[in-house]
Amino acid sequence: MKRMTTVLREMLAGDDILVYPGIYDTLSARIAERVGFKMVGLGGYALGANLGMGEPMISLDDLTISCRYITSAINIPLKVDAGAGFGEPLHVMRTIRQLEIAGVASAHIEDQIFPKRAHYHKGVEHLIDADDMVMKIRAAVTARRDPDFVIIARTDGMLTGGFAEGVRRANLYLDAGADMAFVFPNTLEEAREAPKLIHGPLVIMVSEAHRLGRPVFSIKDAQDMGYKMVSYAVSGIMAAAKGVKEMMIRLRDTGYTGFTPEESKAARQEVEDCVGLDAMYALEMATVEGKH
Amino acid sequence: MKRMTTVLRELLASDDILVCPGIYDALSARIAERAGFKMVGLGGYAMGASLGMGEPLMSLDDVTTACRYITSAINIPLRTDAGAGFGEPLHVMRTIRQLEATGVAAVHIEDQIFPKRAHYHKCVEHLISADDMVMKIRAAVTARRDPDFIIMARTDAMLTEGFAEGVRRANLYLDAGADMAQVFPNNMEEARQAPKLIHGPLSVLISEAHRLNRPVFSVKDAKEMGYKMASYGVSGIMAAAKGVKEMMIRLRDTGYTGFTPEESKAARQEVEDSVGLDAMYALEMATVEGKH
Chain A
1 MKRMTTVLRE
11 MLAGDDILVY
21 PGIYDTLSAR
31 IAERVGFKMV
41 GLGGYALGAN
51 LGMGEPMISL
61 DDLTISCRYI
71 TSAINIPLKV
81 DAGAGFGEPL
91 HVMRTIRQLE
101 IAGVASAHIE
111 DQIFPKRAHY
121 HKGVEHLIDA
131 DDMVMKIRAA
141 VTARRDPDFV
151 IIARTDGMLT
161 GGFAEGVRRA
171 NLYLDAGADM
181 AFVFPNTLEE
191 AREAPKLIHG
201 PLVIMVSEAH
211 RLGRPVFSIK
221 DAQDMGYKMV
231 SYAVSGIMAA
241 AKGVKEMMIR
251 LRDTGYTGFT
261 PEESKAARQE
271 VEDCVGLDAM
281 YALEMATVEG
291 KH
Chain B
1001 MKRMTTVLRE
1011 LLASDDILVC
1021 PGIYDALSAR
1031 IAERAGFKMV
1041 GLGGYAMGAS
1051 LGMGEPLMSL
1061 DDVTTACRYI
1071 TSAINIPLRT
1081 DAGAGFGEPL
1091 HVMRTIRQLE
1101 ATGVAAVHIE
1111 DQIFPKRAHY
1121 HKCVEHLISA
1131 DDMVMKIRAA
1141 VTARRDPDFI
1151 IMARTDAMLT
1161 EGFAEGVRRA
1171 NLYLDAGADM
1181 AQVFPNNMEE
1191 ARQAPKLIHG
1201 PLSVLISEAH
1211 RLNRPVFSVK
1221 DAKEMGYKMA
1231 SYGVSGIMAA
1241 AKGVKEMMIR
1251 LRDTGYTGFT
1261 PEESKAARQE
1271 VEDSVGLDAM
1281 YALEMATVEG
1291 KH
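In order, the protein sequences belong to chains A and B. Per the working numbering, the first sequence starts with residue 1, numbered consecutively. Per the working numbering, the second sequence starts with residue 1001, numbered consecutively.
A portion of the hints provided could be inaccurate.
[Stated by the list, open to error] Here are the computed lysine-lysine pairs in the DSBU-like style, where the Cα-Cα straight-line distance is at most 30 angstroms:
1. A:265 - B:1223
2. B:1038 - B:1196
3. B:1223 - A:38
4. A:265 - B:1038
5. B:1220 - B:1196
6. B:1002 - B:1196
7. B:1220 - A:265
8. B:1265 - A:122
9. B:1291 - A:265
10. A:291 - A:38
11. A:291 - B:1122
12. B:1265 - B:1223
The set of hints was computed from the structure by calculation and includes no laboratory data.
Please model the entire structure based on the sequences and the hints provided.
Set out below in C-alpha cells:
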C-alpha cells in the first residue's frame, strides 16, 4: 500500500491527463472508483448541496467529516475543494493539516474572500489581492507535513479581472509554491490559450449549464489543449438530483417508485458491491457467523 | 412554527396514510420535500451506503451527524432508523436523547442483536428475546423528553420465527408503549392480515428487489390494507446509485457526462432551489452585497 498522496504524485508525473469526476458522498466516490476513475474530487457546490446548506456555509469540520468517510472507503486519491482556505494564512495552515489528517491527497484553495458569499454563484465575485493569496499559498506549503500532498491554487481572476489577470495570478501562485494552478477561462479561446501562458501544471473544470455559459468540452479536448487535470465537479450531484427527483415525482404521482425489477436489482447490487457486503459476509463467516 | 414532532403527531392523527420516501442526505430530503411529501425517512441501508461503510458499522454519532444536516434543511418531519438502538436499555436511552436533540421527529428501533451483523442483509438474522426488546422500548419511552416524539418498534420476527410471532411481538411492543409498530410481512397474504391482527398503528416497508422477494405494492394498496405509514426506505439511494453510475460510465466511455444542456440546466436548478440560493441572494442584497 502507498499513501494516496504518493499515488497522486505518481499519476501527475505520467503523461496522461487526470480526470476527476465530481462526487458528493462516499457511495458516489465508490461508484466512480468501480467504474475505473483514478481519482475523485469533492467540490464545494456538490458538498454544499449534499449537506443541504449551500457552499458558502460549509465549515472546515463539515468538510473533514465528509472527507473521512470518503477516504476510509476508497483506494484512489481524493482531491477536495478547500474554498478560500477557511480564513487567513493562519487558518489556512490548520485547514491543510486537518485535510492531510483526513486522508485527502490534494486540496485547492481559491483567491476569493472568506467567508464566502452566495453571490459568487451569481457571478458576483470578490477577490482578495494577489499578494494576500500568495501569503495563503506559502502558509499552505509551510503547513504541509506530507511532501506528496498536492496543493492547488485556484484563481477566479479571469472572470472579474480579465484573462490576463487570471494568467498573471496563476503564474504568481505557482511561483509561491503551489503544485498546480486552477483556472476558469471564460471562453473556448481562453481555454486554449491558458496552458500556453501559464508555466505549470494546470487544472480546468468543465461546468455544465453554468450561468456564464462557460465552455463545455471533452476529456480529450482538455488533454489536447495541454491541461494536466480536468474536473467534472458538478456531474455527480447533478446525476443524483436528476435521478432522485424523477423517482420522487413517480412515487408521488403513481404510488410506485417506477423502477423495473431489473433496475431495482441492478441498483441494489451496485450499492451492495460499493459497500463491500461480500467481504463483510466472508469476515463474519470466518468469525462470528462461522462459530455456530 | 411548530416542532416537527408535533407536526408528525398531527399527521398521524389524520385519516390519510403517511408516505415516507427514503432519503440518504439533505439534498434528497429537500427534493422529496419540494416534490410534496409530508415526511421523509433516513434508513440504515441508505445511510450506510451514502457513508460508504454499510449499515452494521454505523455509530450513533454517524446517525446524529447525518440527521443534523437534514433537519437543519427541511421543514417536514424526519423519521430515522436507529437500528438496534445502539445497545441495551441504558444505551437506548442515550440514543433517544441524542436523536431528539438532533431535531428528528420519529425513530424506530428493532429487535435485532447489537452490534448488527452484515449477515442480516443475507437474511441471517439474530433476534433478541421479546422480553429484552420490551425493556428497550420502555427505556426509549422513559428517555423521551418531548411527548410528541414518535417511538416506533420494529420486529424482524416474521422472517425468522414466522408470521404469528411477528404479530405477537408487534402487539407486545405496542403494549410496552411504542407509538407504532413496523413489520415485514413475508408475502402479500401476510401483508393483508397483519393490520387486522395488530392492535395499533402500523408501518410497512416496501423493499424493492429484496433478496426474499418481499411484496411490492403501491401507496394506495398499503392504505387499503390498513397501514398508517408506508416507507420506501431504499428508493432514494437506488435512484442516486442508478443515476450516478450511468453518468460515470458515460464520462468514462465518451469523455462527456452525457447530460443534454436542458438536463444539466434542470438538475442545477433543482440543486440550487433545494439549497435555497435565491433566499441567500436576497439576504445578501439586504446586507453585505447591498451596501455598495
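Report task. Please work out if residue 1038 (chain B) and residue 1196 (chain B) have their alpha carbons no farther apart than 30 angstroms. Result -> holds, 26 angstroms
Query raised in the report: Given the proposed pairing of residue 1002 (chain B) with residue 1196 (chain B), does the C-alpha separation stay at or below 30 angstroms?
Result: Violated. Residue 1002 (chain B) to residue 1196 (chain B) sits at ~33 angstroms, over the 30 angstroms cutoff.
Query raised in the report: Taking 30 angstroms as the top limit, are the C-alpha atoms of residue 265 (chain A) and residue 1223 (chain B) close enough?
Result: holds, 26 angstroms
Query raised in the report: Between residue 291 (chain A) and residue 38 (chain A), is the straight-line Cα distance small enough, at 30 angstroms or below?
Result: Since the Cα atoms of residue 291 (chain A) and residue 38 (chain A) sit roughly 39 angstroms apart, the hinted pair is violated (cutoff 30 angstroms).
Query raised in the report: Are the Cα atoms of residue 1220 (chain B) and residue 265 (chain A) separated by 30 angstroms or less?
Result: Answer holds: residue 1220 (chain B) to residue 265 (chain A) is near 23 angstroms, not above 30 angstroms.
Query raised in the report: Is the straight-line distance between the alpha-carbon of residue 1265 (chain B) and that of residue 122 (chain A) 30 angstroms or less?
Result: holds, 14 angstroms
Query raised in the report: Is the straight-line distance between the alpha-carbon of residue 1220 (chain B) and that of residue 1196 (chain B) 30 angstroms or less?
Result: holds, 17 angstroms
Query raised in the report: Given the proposed pairing of residue 1291 (chain B) with residue 265 (chain A), does the C-alpha separation stay at or below 30 angstroms?
Result: At roughly 55 angstroms apart (the allowed maximum being 30 angstroms), residue 265 (chain A) and residue 1291 (chain B) break the hint.
Requested in this report: Would you mind confirming whether the straight-line C-alpha gap from residue 265 (chain A) to residue 1038 (chain B) stays at or under 30 angstroms?
Outcome: holds, 28 angstroms
Query raised in the report: Holds or violated: residue 1265 (chain B) with residue 1223 (chain B), Cα cutoff 30 angstroms?
Result: This hinted pair is violated, its Cα atoms lying about 37 angstroms apart.
Query - Given pair status - residue 38 (chain A), residue 1223 (chain B), alpha carbons within 30 angstroms - result: Since the Cα atoms of residue 1223 (chain B) and residue 38 (chain A) sit roughly 48 angstroms apart, the hinted pair is violated (cutoff 30 angstroms).
Report task. Mind checking the alpha carbons of residue 291 (chain A) and residue 1122 (chain B) for me, to see if they're no more than 30 angstroms apart? Result -> Measuring from Cα to Cα gives roughly 17 angstroms; hence the hint holds.
Checked against the numbered hints given earlier, the structure breaks hints 3, 6, 9, 10, 12 and satisfies all the rest.
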